[in-house]
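There are 2 protein chains.
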Amino acid sequence: MKVVFLGTGAGLPSKERNVTSIILDLLQENQEMWMFDCGEATQHQILNTNIKPRKVTKIFITHLHGDHIYGLPGFLSSRSFQGGTDPVTICGPPGIEQFVRTSLQISQTRLTYPLEFIETRDGLIYEDSRFKVTAQALDHGILSYGYRIMEKDLPGALLVDKLKEHNIQPGPIYQQIKAQPAVTLPNGEVLETAPFIGEPKRGKIVAIFGDTRYKKDHFFLAENADVLVHEATFSANQSGLAKDYYHSTTAQAASLAKKAKVKKLILTHISARFQEDEIESLLGEATLIFPNSVIAKDYTWFDV
Amino acid sequence: MKVVFLGTGAGLPSKERNVTSIILDLLQENQEMWMFDCGEATQHQILNTNIKPRKVTKIFITHLHGDHIYGLPGFLSSRSFQGGTDPVTICGPPGIEQFVRTSLQISQTRLTYPLEFIETRDGLIYEDSRFKVTAQALDHGILSYGYRIMEKDLPGALLVDKLKEHNIQPGPIYQQIKAQPAVTLPNGEVLETAPFIGEPKRGKIVAIFGDTRYKKDHFFLAENADVLVHEATFSANQSGLAKDYYHSTTAQAASLAKKAKVKKLILTHISARFQEDEIESLLGEATLIFPNSVIAKDYTWFDV
Ligand SMILES: [Zn+2]
Ligand SMILES: [Zn+2]
Chain G
1 MKVVFLGTGA GLPSKERNVT SIILDLLQEN QEMWMFDCGE ATQHQILNTN IKPRKVTKIF
61 ITHLHGDHIY GLPGFLSSRS FQGGTDPVTI CGPPGIEQFV RTSLQISQTR LTYPLEFIET
121 RDGLIYEDSR FKVTAQALDH GILSYGYRIM EKDLPGALLV DKLKEHNIQP GPIYQQIKAQ
181 PAVTLPNGEV LETAPFIGEP KRGKIVAIFG DTRYKKDHFF LAENADVLVH EATFSANQSG
241 LAKDYYHSTT AQAASLAKKA KVKKLILTHI SARFQEDEIE SLLGEATLIF PNSVIAKDYT
301 WFDV
Chain U
1 MKVVFLGTGA GLPSKERNVT SIILDLLQEN QEMWMFDCGE ATQHQILNTN IKPRKVTKIF
61 ITHLHGDHIY GLPGFLSSRS FQGGTDPVTI CGPPGIEQFV RTSLQISQTR LTYPLEFIET
121 RDGLIYEDSR FKVTAQALDH GILSYGYRIM EKDLPGALLV DKLKEHNIQP GPIYQQIKAQ
181 PAVTLPNGEV LETAPFIGEP KRGKIVAIFG DTRYKKDHFF LAENADVLVH EATFSANQSG
241 LAKDYYHSTT AQAASLAKKA KVKKLILTHI SARFQEDEIE SLLGEATLIF PNSVIAKDYT
301 WFDV
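Sequence order for the protein chains is G and U.
Using UniProt numbering, read the first sequence as starting at 1 and increasing by one per residue.
Using UniProt numbering, read the second sequence as starting at 1 and increasing by one per residue.
Wrong hints could be hidden among the right ones.
[Claimed, not checked] Computed cross-link-like contacts, DSS-like style, restricted to lysine-lysine with a CA-CA straight-line distance of at most 27 Å: (1) U/55 x G/15; (2) G/152 x G/55; (3) G/15 x U/152.
Rather than coming from a laboratory, the hints here were simulated on the basis of the structure.
Chain G on its own, in the form it takes in the complex (with noise of 0.2 Å):
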């Protein structure tokens, strides 16, 4: 699992940070890729990337702000252009639809795939075999969420050592074993399969927030986190301006990282104010109160 950084500006783009977009890159768990948000030029941004645009299958939108949502009709036309056939869900703040099906008429596109959504509201807004996601409204003036990503625990690998050792040979009962809570082996004996299952494999967690002020019951969604993705349009000093733009600091974000025991937090959604050499200072802020902080860059990919 990988989380890579397509655009990390804040309102307009610049010629270092385009406006926001992040891929979730599960190719390895589940041969897809799903994107956070699509900013304008998304596609322009892919460009530079070896992602390919069939294989993102579902698109999570945090909230309707332009820079935000502007680059979706273009990077859906792309993709089809492209040839892409499978399916695409978007998951969005009611409105998302109204704005991608007006853009795709008006413009008389048709899509070669079918296009789904779902109406983002608090709780769990999707899961399938390997993966659940959850939503939490934050605050931010207009409807805006956070997501949290839960892949669900892998079971532990059988202990074939121990096996052997007690004369269980490999062959199909190793199946058995795995999925059963006993089997009966052919000398007739009833094995309980517990202990020679290893321990579970703790599935992944990332959290990515749309914009917002801190508020510290966000924690919730973000609660042992492997990863923390978390806006930082402010720097700690600012901290009424965050307030009035409904915009968190480097610092607030840090404190939420810090309660939520994530495993890493990672800021985006960078003012253009700040020059690329105040970026240190920025994060001086944040590793001073949560010390495995980063700040993301266009293009910056993070392993989970």
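Following the hints, put chain U with the ligands in place on chain G, whose structure we already have.
Same frame as chain G, now just chain U with the ligands:
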């Protein structure tokens, strides 16, 4: 007057060519810039120029395909964010207003300036003291227009030497001579002014075509233009494809330029199927028919 190309590609953005947008720079004439089409990431392209979004006061849309309009909501929002206050007029086929208003409304974008819409149809669509713009429907499946921008002829200069020969010395009388067919001089003499005024300066004419199939009637819109901007999505030997997809070939655009007796032909809307080293041969196909042809690249500009 200058024509600046912000995007010269067809359909999809590529690393070399963005989707369509053209600026007609009228800063010298009336301190405005007019935009023709606004594909996705036009505002990003502008970041690499010295064009100021607040100077763009009119936007003409040729047709509603996504590669010609998806940059509009972002451009308008950023123009607002950067403090533009002058009104913007958008001229385009029916549907453009719904697209723009839906996008702005769903993203809760409140512009700092008024927005006005004019529905493009055949004939005169705009006139002020300095310019006249007419439109003509082309042949692109979807309703697609070409625009003809005509600068009005400028009155000739006063022939000062000739006035002095007649003992008419500089003073307020010169303004009257310029403005009136006849004036009464201080000595009572009535002077016909025409012989003292030079030839009127012919206004410039620029024709900017939307995507279209070749049709010889289109030459009316380009007749005697100083510059014709025309698409060339296909090469000379692909006229079958051009017809099927409602586009033109290099040779067709050149034929139109010849028939319309324009001074210069600028080809754009170049497909990413062509490598950069094939561009020379595309150009050769055009110059064979109409010698004063060029192929635009992103960021190239031309004096008119
Ligand atoms: Zn926002
Ligand atoms: Zn078109």
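Do the hints match the structure? See the list:
| no. | hint | verdict |
| --- | --- | --- |
| 1 | U/55 x G/15 | 20 Å, holds |
| 2 | G/152 x G/55 | 21 Å, holds |
| 3 | G/15 x U/152 | 39 Å, violated |
Violation of the numbered hints given earlier is confined to hint 3; every other hint is satisfied by the structure.
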